[in-house]
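Asker: On the provided structure of chain A, position chain B as indicated by the hints.
The lines below spell out each chain.
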Amino acid sequence: MASPLLEVHDVQKHFPIGGSLFGAKRALVKAVDGISFTIDTGETLGLVGESGCGKTTTSKLVLAAETPTAGRIEFEGRDVAQLKGPQRQDYRRKVQVVFQDPYSSLSPRMRVGDIIAEPVRAHERLSSADVRARVTELLELVGFRPDVARLFPHEFSGGQRQRLAIARALSTNARLVVLDEPVSALDVSIRAHIIALLESLQARLAVSYLFIAHDLAAVAHLSQRTAVMYLGKLVEVAESLELCARPLHPYTKALYAASLPSHPDEAREEIVLAGEVPSAIDPPRGCHFHPRCPFAMPRCLEQEPALVELSPGHRVACHLY
Amino acid sequence: MAPLLLVEDLRTYYVGFGGTRVVKAVDGVSFSVEAGETFGLVGESGCGKTTTCHAIVRLLAPSARIVSGRIELEGEDLVPKSQGEMRRIRGRRIATILQDPMASLDPLFSIYDQVAEPAYYHQGLRGRSLRVRVKQLLDAVRIPSPELRMKDYPHQMSGGMRQRIVGAISQAGGPRIIIADEPTTNLDVTIQLQYLNLLKDLQRATGVALIFVTHNLGIVAKMCDRVGVMYAGKIVEMQSVRGLFYRPRHPYTRALLDSIPKLGVREALCGIPGQPPDLADLPRGCSFHPRCPRAVDRCLDEEPKSHALNGDGSVRCWLPIGEPAANG
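First to last, the sequence lines map onto chains A and B.
Letter 44 of the first sequence, counting from 1, is numbered 44 in the numbering used here, and no numbers are missing.
Letter 303 of the second sequence, counting from 1, is numbered 303 in the numbering used here, and no numbers are missing.
These aren't lab readings, by the way, just hints derived from the structure by calculation.
Check each hint, because a few of them may be wrong.
Unchecked claim - Now the in silico label distances, taken between C-beta atoms and shown as ranges:
hint : chain 1 : residue 1 : chain 2 : residue 2 : range
1    : B       : A103      : A       : R72       : 36 to 46 Å
2    : B       : A268      : A       : L320      : 52 to 62 Å
3    : B       : Q123      : A       : P108      : 46 to 56 Å
Remember, it's a predicted structure, so these values are computed and weren't measured experimentally.
Virtual Cβ for every residue (Gly too), placed ideally from N, Cα, C.
One chain only, chain A, in its complex shape (with noise of 0.2 Å):
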């Protein structure tokens, strides 16, 4: 078997907070505390959890904006810790990102296809020709025509600006692109839009996403494996379709019977969960999620469960399996 594309081994990122300059007691936010998942080439992983979980650090970690506490990062097999001046560049260059909002992340002052060429001028050693060849083929891609290239992100609306986003993201071959919400910010006509090209992107160019959302018939439907987050750790990882007809954390089991039924006499058994997400800095002892679930014993306050694999691909971490 080929080795993932991206392989993340208990990965760590603390954030000490608090306490003055010279060494009196710090706090530490456990943003990611331990979490391994893998990403093959040409596949999805979709990441999902609620504000706070840990999901923005993940994808900072895999961006390489952040360096971890403590575990390992590869990509292509080769650790991302270790790598300097041209690998490191060349690790940049495959690894691309497309943020929520299309409106703040397109530069105000820059012509579209500036925007799409300067991930390529930054990497890429092509002549000027070339660069625009690249652009136009760039747009036509996510379905523009190439004349939009001397217009300005504001003569764009949000669907228009986010497929803007996407052609930068893929302006330089990327082979992942972590996909941080990129429909929240968008009307639903236009959602299924976006999720219909990044579809039909990937059955292309073969590139894999990191699909970070929490819309979870969103990500079912985009991701073929579903990570399931909660306050830093992962609870559950198994294919999309199977999580959706077979949650088994409660954490899991409880985002799923919270999501939104699709007509009005959808049956749906609701777990709605008591309170909200505790505080990343102080997280409960034993499994973090115990102060919430409604399934909770009294091993579960005192040992943390770890993330086992019960069915081939289906793995999760709780005490009652």
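Answerer: Showing chain B alone in chain A's frame:
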């Protein structure tokens, strides 16, 4: 019997650049809400749903004008009322819950002050009875240890709690109708479910009517009795919630339903081609025709009138979808 709230042919325009640019944000909207009912107003951003709500409670931006129409609350027309008269109606008879609880709560006043204010002014409560009322309201929105938390300030609370405080404030004046404008957009899914269930419980306990403004059809399916779908300043279809989901009649409604991914089903999604129109420069004829798969010549020239559907509801379309659609 007259409905609790009747909106008839409401037109609200934003006028800018010395009258040269007119944005027809609300352009002939009619609907009614009965006591104890939940009416959903659905549409994409910029379709005029928020302006409709702001016109009802008269919290419009200075550039907006109610050009024509009637807004009757319990038989009384609100349009000719002065701002002073409206101040006695807002909070007491109509309350609002806005999207962002951080913007609708004042950071400089304690939770007690803010929840007590409508009860103080509209119900004339003072002293001990006011305190009891505030505690009761906070209990109703499930704020743990309300006696302690009422001394807190908004920044000491989480997003979900703040939105529940806003819910308590909306109840404080004893309104007959609450307008909730995308109240859960900023909340996480598990918190959103808590909040929606809370609103339903409050409604059951007090019999208040709700107008639920949202772009999320899942919320509509869960919460609403009847729904109006807005597009470019008009209600293009109005039906009972089941009718809307099982037999959508307007092509826009159909397209909206087709563009939401369904959990656990990996079928192709159809979005809607094109963009929502510019409200200052609407296409001739039916506003939806440039994006409509069923458009015929007539749609390009002539604007469809709203006509009643047999059963209940109405649709604004020359060629409404006739065949009953398959479930789901």
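Asker: Can you list which hints this structure breaks, lowest number first?
Answerer: Per hint list: single violation, 2.
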